[in-house]
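Peer 1: Sequence:
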Amino acid sequence: MRLGPITAIVLVVLACTDVVGPPFFGDSLPRSAQTLPGVELSVTADHIVVKRGDSLTFSATAVNRSNARVQLGQACGPMMDVVVVAPTGREQSAITGNRTDVVFSCPLPANFFADPEESRTIQIAWRAPQLRGRYTARAGLRRMDGLGNESPELVIVVR
1 MRLGPITAIV
11 LVVLACTDVV
21 GPPFFGDSLP
31 RSAQTLPGVE
41 LSVTADHIVV
51 KRGDSLTFSA
61 TAVNRSNARV
71 QLGQACGPMM
81 DVVVVAPTGR
91 EQSAITGNRT
101 DVVFSCPLPA
111 NFFADPEESR
121 TIQIAWRAPQ
131 LRGRYTARAG
141 LRRMDGLGNE
151 SPELVIVVR
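Per this note's numbering, the sequence shown starts with residue 1, numbered consecutively.
Everything labelled a hint here was simulated from the structure, so no lab data went into it. One or more hints might be untrue.
What the hints assert, rightly or not - So the derived label-pair ranges between C-beta atoms look like this:
#, residue 1, residue 2, range
1, V157, Q71, 32 to 38 angstroms
2, S55, G77, 17 to 23 angstroms
3, R65, P87, 31 to 37 angstroms
4, R52, C76, 29 to 35 angstroms
5, R52, Q123, 19 to 25 angstroms
6, G89, S66, 32 to 38 angstroms
7, C76, D54, 26 to 32 angstroms
8, E117, G53, 37 to 43 angstroms
9, G77, V49, 28 to 34 angstroms
10, G53, C76, 39 to 45 angstroms
11, S59, E91, 18 to 24 angstroms
12, S66, R127, 34 to 40 angstroms
Yeah, the Cβ is synthetic: ideal placement off N, Cα and C, and Gly gets one too.
Please model the entire structure based on the sequences and the hints provided.
Peer 2: Right, here's the structure in full:
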């Protein structure tokens with residue numbers, strides 16, 4: 001069977017999709033236009049070096065450093081998310097990952113509020129994609145218009 005040059009190129013590109021980049025990483029996630037004053041976020045992981053396909057657990061923590069009670073999260077989902085940036089520069093929500101059919105219930109739990117100096121922590125499991133390299137992760141508050149109050153980045157290495 002003889003392949004034309006365009007057919008050969010298409011086959012090479014299709015065969016390399018997992019090598020070129022994780023297929024479920026996309027454009028930048030929306031960011032909130034405003035920050036919640038006095039709220040600081042941090043992110044840690046139970047592992048920072050993982051093998052392809054292995055899982056790790058992020059811990060995202062928000063601390064209310066203000067003098068007032070604040071609402072950290074919005075109804076309809078977790079109060080925080082972790083945005084993971086692949087070596088290609090593309091982003092992924094650790095909450096939704098490669099799923100497109102994620103649906104959240106819509107209560108606004110009491111623990112979405114924090115008094116001064118109170119903190120809230122959530123854990124989010126994430127599976128390392130097939131693309132090896134240096135990934136970064138930042139926790140952010142889930143606001144109506146996107147992520148806000150992002151944490152300093154955490155480096156994750158996928159081997």
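Peer 1: Indicate, hint by hint, whether the structure satisfies it.
Peer 2: Against the structure, the hints come out as follows:
1. V157 / Q71: 32 to 38 angstroms: holds, 35 angstroms
2. S55 / G77: 17 to 23 angstroms: holds, 21 angstroms
3. R65 / P87: 31 to 37 angstroms: holds, 33 angstroms
4. R52 / C76: 29 to 35 angstroms: Since R52 and C76 have Cβ atoms about 32 angstroms apart, the given range 29 to 35 angstroms holds.
5. R52 / Q123: 19 to 25 angstroms: holds, 22 angstroms
6. G89 / S66: 32 to 38 angstroms: Between G89 and S66, where Cβ atoms are some 34 angstroms apart, the hint holds.
7. C76 / D54: 26 to 32 angstroms: Hint holds: Cβ distance 30 angstroms, inside 26 to 32 angstroms.
8. E117 / G53: 37 to 43 angstroms: holds, 40 angstroms
9. G77 / V49: 28 to 34 angstroms: holds, 29 angstroms
10. G53 / C76: 39 to 45 angstroms: violated, 30 angstroms
11. S59 / E91: 18 to 24 angstroms: holds, 20 angstroms
12. S66 / R127: 34 to 40 angstroms: holds, 35 angstroms
Checked against the numbered hints above, the structure breaks only hint 10 and satisfies the rest.
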